[in-house]
Amino acid sequence: MTVGPLLLLAAAGLAAGAAAGPRHARCWPALTVAGTAAAFGAALLVLVGAAEWEWRSGFPVGGEPLHLRLDGLSALFLALLSAVGGAGAVYGGEYWSDRHYPKSAPRGRAWWCLLVLSMGWVLVSSNGLHFLLGWELFTVSAYFLITLDRARREVRAAGWLYLAASHAGTVCLFAFFASLAARTGSWELGPMREQAGLAPLFWLALLGFGVKAGVFPLHVWLPSAHANAPSHVSAILSGVAIKMGIYGIVRFSGWLPVPPAAGWVVLGLGATGALLGIAFAFAQNDFKRLLAYCSVENVGVILIGVGGALLAAAHGDAPWGRLALAGALLHVWNHGAFKSLLFFGAGSVLHATGTRQMSRLGGLWRVMPWTAGLFALGAVAVAGLPPLNGFVSEWLVYLGLFDAVTGRGPAAGAAMLAAIILGMAGALALASFVKAGAMIFLGAPRTQAAARAHESGWRMRAPMLGLAAMCVLLGLAPVFFWPAVARAVGVWHPAWVPEPAPTPLFTLGAVHLVLAVGLIATAAWLWRKTQANGLRRGLTWDCAYAAPTPHMQYSSGSFAGVVVPWFAWILQPAVSLRRPRGAFPERALRLEYVPETVLERVLAPAGGIVLRVSTAVRRLQHGRLQSYILYLLTGLAVLGAIVALEGTP
Amino acid sequence: MTVILDFISRLAWWLLLAPLLPGVINKVKAWVAGRRGPPVLQLYYDLARLWRKGVVLSTLASPGFVAGPAVAWVAVLGAALLIPLGPMGNGGFRGDVLLMLYLLALARFSTTWAAMETGSAFEGMGAAREVSYAVLAEAALVAAMLSLSVQTGSVSLAAMLEPTAGAGAALLAAGLFTVLLAENCRVPFDDPNTHLELTMIHEAMILDHSGPPLAAILHGAAVKLLLFAVLLTEAVLPMGDLSPFAKMGALLAGVLAVTVGTGLVESFLARFAFRRVPLLLTTAVLLCLFALLVAWKGGAA
Numbered sequence: 021m022t023v024g025p026l027l028l029l030a031a032a033g034l035a036a037g038a039a040a041g042p043r044h045a046r047c048w049p050a051l052t053v054a055g056t057a058a059a060f061g062a063a064l065l066v067l068v069g070a071a072e073w074e075w076r077s078g079f080p081v082g083g084e085p086l087h088l089r090l091d092g093l094s095a096l097f098l099a100l101l102s103a104v105g106g107a108g109a110v111y112g113g114e115y116w117s118d119r120h121y122p123k124s125a126p127r128g129r130a131w132w133c134l135l136v137l138s139m140g141w142v143l144v145s146s147n148g149l150h151f152l153l154g155w156e157l158f159t160v161s162a163y164f165l166i167t168l169d170r171a172r173r174e175v176r177a178a179g180w181l182y183l184a185a186s187h188a189g190t191v192c193l194f195a196f197f198a199s200l201a202a203r204t205g206s207w208e209l210g211p212m213r214e215q216a217g218l219a220p221l222f223w224l225a226l227l228g229f230g231v232k233a234g235v236f237p238l239h240v241w242l243p244s245a246h247a248n249a250p251s252h253v254s255a256i257l258s259g260v261a262i263k264m265g266i267y268g269i270v271r272f273s274g275w276l277p278v279p280p281a282a283g284w285v286v287l288g289l290g291a292t293g294a295l296l297g298i299a300f301a302f303a304q305n306d307f308k309r310l311l312a313y314c315s316v317e318n319v320g321v322i323l324i325g326v327g328g329a330l331l332a333a334a335h336g337d338a339p340w341g342r343l344a345l346a347g348a349l350l351h352v353w354n355h356g357a358f359k360s361l362l363f364f365g366a367g368s369v370l371h372a373t374g375t376r377q378m379s380r381l382g383g384l385w386r387v388m389p390w391t392a393g394l395f396a397l398g399a400v401a402v403a404g405l406p407p408l409n410g411f412v413s414e415w416l417v418y419l420g421l422f423d424a425v426t427g428r429g430p431a432a433g434a435a436m437l438a439a440i441i442l443g444m445a446g447a448l449a450l451a452s453f454v455k456a457g458a459m460i461f462l463g464a465p466r467t468q469a470a471a472r473a474h475e476s477g478w479r480m481r482a483p484m485l486g487l488a489a490m491c492v493l494l495g496l497a498p499v500f501f502w503p504a505v506a507r508a509v510g511v512w513h514p515a516w517v518p519e520p521a522p523t524p525l526f527t528l529g530a531v532h533l534v535l536a537v538g539l540i541a542t543a544a545w546l547w548r549k550t551q552a553n554g555l556r557r558g559l560t561w562d563c564a565y566a567a568p569t570p571h572m573q574y575s576s577g578s579f580a581g582v583v584v585p586w587f588a589w590i591l592q593p594a595v596s597l598r599r600p601r602g603a604f605p606e607r608a609l610r611l612e613y614v615p616e617t618v619l620e621r622v623l624a625p626a627g628g629i630v631l632r633v634s635t636a637v638r639r640l641q642h643g644r645l646q647s648y649i650l651y652l653l654t655g656l657a658v659l660g661a662i663v664a665l666e667g668t669p
Numbered sequence: 021m022t023v024i025l026d027f028i029s030r031l032a033w034w035l036l037l038a039p040l041l042p043g044v045i046n047k048v049k050a051w052v053a054g055r056r057g058p059p060v061l062q063l064y065y066d067l068a069r070l071w072r073k074g075v076v077l078s079t080l081a082s083p084g085f086v087a088g089p090a091v092a093w094v095a096v097l098g099a100a101l102l103i104p105l106g107p108m109g110n111g112g113f114r115g116d117v118l119l120m121l122y123l124l125a126l127a128r129f130s131t132t133w134a135a136m137e138t139g140s141a142f143e144g145m146g147a148a149r150e151v152s153y154a155v156l157a158e159a160a161l162v163a164a165m166l167s168l169s170v171q172t173g174s175v176s177l178a179a180m181l182e183p184t185a186g187a188g189a190a191l192l193a194a195g196l197f198t199v200l201l202a203e204n205c206r207v208p209f210d211d212p213n214t215h216l217e218l219t220m221i222h223e224a225m226i227l228d229h230s231g232p233p234l235a236a237i238l239h240g241a242a243v244k245l246l247l248f249a250v251l252l253t254e255a256v257l258p259m260g261d262l263s264p265f266a267k268m269g270a271l272l273a274g275v276l277a278v279t280v281g282t283g284l285v286e287s288f289l290a291r292f293a294f295r296r297v298p299l300l301l302t303t304a305v306l307l308c309l310f311a312l313l314v315a316w317k318g319g320a321a
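In order, the protein sequence lines correspond to chains A and B.
Just so you know, we're using the working numbering here: the first sequence kicks off at 21 and counts up by one.
Just so you know, we're using the working numbering here: the second sequence kicks off at 21 and counts up by one.
The shape of chain A in the complex, shown without the other chains (with noise of 0.2 Å):
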């Protein structure tokens, strides 16, 4: 089968499964999983076969003839789509199923079939008409998801913010197409590096795409969107959405000339949104929050992958740029693998217990064991630890900065200084979650409601089980998905023709192989050793305390006290203080609440600053016949006025 019946089988099977999902809940995750089989299939022929997938129909849509294509560098994303886009078909079928959310879990399945649907459109269109009718359909299914639950008020909020960020960042991008069109006389998009005269219009591609991406200070829709979304949801946005928005800057960084600075300013908002994304996320108490900040960390290091290329590329194609960028496209598959495990893991969690605070939660792994594996297994891979797959993403990355320190080109100085950052971030990253999963799922049940959890089904843990051996895989067996980052490097640079994987990759790979079977090897040993000595169980000894309870448990405020105030100048924690009173007090509270500083510190003041200058010069307005005839005669008169002093005699 060649890639586009492909496509047209995926985009039945998707249209199909919005049509019926609304009526029929079981057959819609095999319809969804059918379609997204098929595009898989169709991303794969083009990243493993030798061409790319291209099709032109003279049929006007919207006025203008059909162009679709499927290159490596779109077939890349495609494939992280279909793979995420299947499995949390399967994993909302059980999390948002009727039987809980009978109003919105059919609306849910038509949307989320959209909301692939339309990504899949924006990844294979190739007219800049239809990119921007795909990128609003999918900004608006994505908003109709993250308001499934939209009784609750703070889903409502987080929706409308979403929707109001998502709509600044289109206007750039309406901005960007209209203006390609404008100039370069059609609304076809391809390669067109030679007309320099376009390079200026990244800036406006950046600030939108950058957006939707969110890239640091841009980031303000993302975690209250993530953290109030449905967990399925949560991980499609966080796993493929955001990624939609490196997609658009990679693609038109690389069919679009760019100007000199695009390479500092990209690595400059990487590294920062690396550094404070993920202290941020350290700071956090609501887990889905906290990996919500973590997409900004991983978009971060995506970034600053791309600023390295871009940099490279400007100085003369230095090879380093190369491995930078290999790294930051293996980064977004392993990010999307990843995270979505993440977020699947913290929707069991969610559904079991109800709440998304960390304090009160704790001992979860007695009763949910498998997900306790699963998110431990993420939290190796996210927090870039060997021998996973997130580890072989950044060590591209570092292995491009640091050759791009030894070569001693121009962007040398500016690599050091992004690989230490990606090093404090990487060591935040660990800290975050180790802490995450230690709040969640070990010690004892700080609540009730932690106490009486449950294992989830088989449904929600099937997709766990993909996207964890996805993770395991990538990590242990990188060479093989060489060839699809090569070629997608290829595509971003004519010049960067596809390489055989570099020796270093598959001595790593087979290093990682020795490592995961000796570490497995060891630990069964270890316990069997500790078996066959006698094993007593006792209570935590915990210094001969002898009456301990779980509300004595290190917190996740706690845990993070050494951290947070290094970066008080940005989280701006606010603490909220009742101390014990009187011969008899009764109850002590120490409330610590991280803001989105950005969001509520710079941005609601300004809004609020907008609103006050609106109120007052709505005064002007207020129906009053007598005053408007006023209005008008006056400004007849000073127009006059202007006319008489400065007319011609």
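Any given hint might turn out to be false.
[Stated by the list, open to error] Covered by chain B, per the in silico footprint, the following chain A stretches (three or more residues, Cβ under 8 Å): (1) 422 to 432; (2) 521 to 532; (3) 545 to 559.
[What the hints assert, rightly or not] Restraint-style ranges between C-beta atoms, simulated for each label pair: (4) F604(A) with R56(B): 53 to 59 Å; (5) P518(A) with G74(B): 54 to 60 Å; (6) G69(A) with K317(B): 46 to 52 Å; (7) P503(A) with Y65(B): 51 to 57 Å; (8) V60(B) with Y613(A): 51 to 57 Å; (9) P107(B) with A541(A): 27 to 33 Å; (10) G318(B) with G558(A): 54 to 60 Å; (11) E214(A) with L299(B): 50 to 56 Å; (12) A50(B) with G558(A): 33 to 39 Å; (13) A552(A) with F288(B): 41 to 47 Å; (14) P258(B) with P518(A): 37 to 43 Å; (15) L37(B) with G69(A): 51 to 57 Å.
Keep in mind the hints are simulated off the structure, nothing from the lab.
Quick caveat, the model's predicted, so the values are computed rather than measured.
All C-beta atoms, glycine included, are put in the ideal place defined by N, C-alpha and C.
Starting from the known structure of chain A, fit chain B onto it as the hints suggest.
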């Protein structure tokens, strides 16, 4: 054949030599204080004894409580095996230096994860401090490795550790030594001998471990100490210019010097207050950054 022999001898170096270092440090401390102190081989006796002992597990602990020390031990050993040892093990591959740093991070992840298993506040405290200070230590280490890369134009440990660290060697040595003290929880960052759990890092994390898992943790900690000592020695000394025997001798002498130095620091310094720890670590970061700058400027000339 030679490859296998080389591997086995390096494995033996790390496994057998590592427990000697804490013994030497304790002997130096005892000597300075005018005591006789425990035998140099004390840790070997302790490990042998712990390996035969039974285990008390907290009722809250999951299997991860035992798997954690195993993972940490393998990770530290894996990181150590990436480092060339004088004349031995000059293979390596491009980018193995990053694998080494991240294997140490994997060890940190599993140690802190295991510490959080018991729900004890003390262990939570230790784990929180461990992961937090590691943020600065990691920055210092990446800067140090960058300076070695700049010096040699290579991203492979075998080549990076061959020549001396050049003009910035003193800066690099000071920075790496500070990181060694922090990462291995020695005075002035942590006091391995204190009896107050509130003020500990590493020892607080392993309060609930016993028997073979504790042996794995203690041995892993010793290997990590030796790893940093070897790294520091080879970064500073010009290993490439020496004959194989001289290399081995220089390496042994360097490790001994670092160990004795650690013992002397512990004898003459008190543990810092926790709020001063980030300051000292920032100094280490700055030292490594200056080493990087010196390497950068030195190579350009």
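If you test the structure against every hint from before, which numbers come out violated? none
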